[in-house]
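Visitor: Protein sequences appear in the order of chains A and B.
Under my numbering, the first sequence is numbered contiguously, ending at residue 217.
Under my numbering, the second sequence is numbered contiguously, ending at residue 1460.
Accuracy of the hints is not assured; some may be wrong.
Not the full set, but computed from the structure, chain A residues with beta-carbon under 8 angstroms of chain B [to be verified]:
hint, residue
1, G90
2, N93
3, P101
4, I111
5, D116
6, T131
7, G143
8, L148
9, L149
10, Q151
Don't read these hints as lab results, they were simulated from the structure.
Model, not experiment: these values are computed from the prediction.
Where a beta carbon is used, it is the ideal one built from N, C-alpha and C, also for glycine.
Listed below are the residues making up each chain.
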Amino acid sequence: MSYAKPSDKFLASRGISLVKQLTVDQIDALKELINIGVGRAASLLNEMVGFPICLEIPFIQVFTVEDLQQELIARFNSNYLATVRLEFSGSINGSAELVFPTESASTLVSILTGEDLGSPDLDAVKIGTLTEVGNIVINGVIGSLGNLLKQRMNYLIPTYTEDTVENLFAAVEPDDSTIVLAQASFTIEQLQVIGDLIFIFELQTFDQLIAAIEEVA
Amino acid sequence: MEQLKQAQQKFSILDQVPLGACILRSDLTILFWNSCLEEWTKLSRAEMLGTCIGDRYPHFRQAQYANRLQQIFQGGPPTIFSSQLHKHVIPASLPQGQMRIQHTTVTSLPALEGDEFYALLSIQDVTDLTFRVQEYRQMRDRALAAQEIAEQANRVKDEFLAIVSHELRSPLNPILGWSRLLRTKQLDPATFDRALDTIERNAKLQAQLIEDLLDVSRILRGKLKLNWEIVDLANTITSALDTVVLAAEAKSIQIELSLNPNVGLVRGDSSRLQQVVWNLLSNAVKFTPSGGQIEISLTEVGSRERFGAGSRGEKRAEGAEGDKEDKEDKEDRERFGAGSRVRELRERREQQPLTVNRQPSSRSVAPASTVNQLPTTNYTQIQVIDTGKGISADFLPYIFEYFRQADSSMTRAYGGLGLGLAIARQLVELHGGTIRAESHGEGMGTTLTVQLPIYEGSRE
């Protein structure tokens, strides 16, 4: 399974426009920030499962909630998605989610635990594992954000949810939020599992984030 | 020590939760050990407080734990140690001996003093959940497998119904057509004869189909009765051959017959054995293209040359029913006077190799005690080798199952219900024999081999 990066033409044909035109430098800085976190997560996962896992973020994009919903619906239809979400507050407010189509989530869990693939559904035990994996990836990225902002943040306990795209983002206030969508791909030997790493920031704090990025960029 | 006391007051509420709870300082000193953990580990808080958790459980110093705890001690986001990837974060055994399977969430707490952070481990016992999930998965997998088999059986049945209807209707068309023409009474004698021939042939064909269906029904209900007698398979083969010669000639198929005249006799139902041979032969004729060749041979093989273990029917013939068969053998020997009967048959065969009197001899009985001391070890082997369409390796395992032809389109091309070989197998097995099919693949021809135990009484 692989997703190509949606072209601008594709996005335009669906009425999707990027909410904020970030400069190339800003995007690069953001991408690097996320990649550092993801790299840290990958080395943690390597240690845990004892074989090489490659975690990559091929591209990132910035969306509004509505645009993101359309983008995700276009990608996954109305299928169920498995998500691990971490909500945070402090100098920036928002949440980070790692989103998987349920099937690739299950594949990932089976590979990490060395179990037979068996059935492609998720049960309570598998969900625990997926929550840990999501937690590691998100923590890696959030950790590098925290370092960047140099301010104490508050976190809620990570939660696992399985739902359709519409419901997953129904609670997010559309007007106040900016979404950074980063596509994460796990490569384990020959097998590719792809998830979307989605960060939801409130608009103000996104500006703050950009300001912080500007400092380092 | 003051810090420990404070921690006991401040975190005492953790004794009220049904989770294992433990609070660590950044140097891995245990500051709190709740009553749930005391109960699970049988380690009291008096023993644990103030000690380093890394001393008791060294894995806390391993990178995969230490790195993640370090983030917590810096006030980072919560960390999860799931049950599949970290079964026993704080090892604790259950009364039955197995270890509690744990799901652990670690959150950071502001320290009582200064601006550092503690790590709070909340440990959920998911032993029961894990086993229930495993059980559920196994049950579901079994149910899915059973359902798959049932659905497959259903599909085969549906397909079979369609085939049966088609096959039963096909002969009716020429019968009805020619009957209508006969009614016109305007046919010349030659056409008249042809009409009657066609009607007869198709009626016979349909009767045969129905007979096969009834056989299957009898076999499936265990109602098939065999009339046991001593049978000369050479005779069986030639009789069966007579009935397919015309069909073979029509396709210019050359049939080569090779009968070893010294093959021992078998005990069985001669008409059923003839049916077996007929099924093999008509199958060969059906699936061999015009101008092809069919070889039929009758030989004798010793037990060592038999099929390998696992051949269908073998165990049954030599196992549980052995005693019963021995008894029946004895009765038959007494009835038929086996020894002299064989000589008679041998002599006849030598004079007139292919016709044998089927009636049991009423001559005097040879003493039963002198025959058949050893279990049946030699077999007569009938082999039918054709140069026909062959069988693909995928289908080979199924050819002796009911209602199976390689696919339903084949039924249309070749006709028939796909019952012949299934019936043949059942009949051969009822005789304590085995049947085997070999093919090097499609277009490479097929070899069908039947082995039947020689009636040892015939050796005397």
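Visitor: So, for every hint listed, does it hold in this structure?
Guide: Hints, verified against the model:
1. G90: Nearest chain B Cβ about 10 angstroms off; hint violated.
2. N93: Nearest chain B Cβ about 14 angstroms off; hint violated.
3. P101: At about 20 angstroms, which exceeds the 8 angstroms cut-off, the nearest Cβ of chain B leaves the hint on P101 (chain A) violated.
4. I111: Interface hint status for I111 (chain A): violated (12 angstroms vs cutoff 8 angstroms).
5. D116: 10 angstroms, violated
6. T131: 6 angstroms, holds
7. G143: 6 angstroms, holds
8. L148: With Cβ-Cβ at 13 angstroms, over 8 angstroms, it is violated.
9. L149: 13 angstroms, violated
10. Q151: This hint is violated: Q151 (chain A) lies away from chain B, its Cβ roughly 10 angstroms from the closest one there, beyond 8 angstroms.
Comparing the model with each earlier hint shows violations of hints 1, 2, 3, 4, 5, 8, 9 and 10; every other hint is respected.
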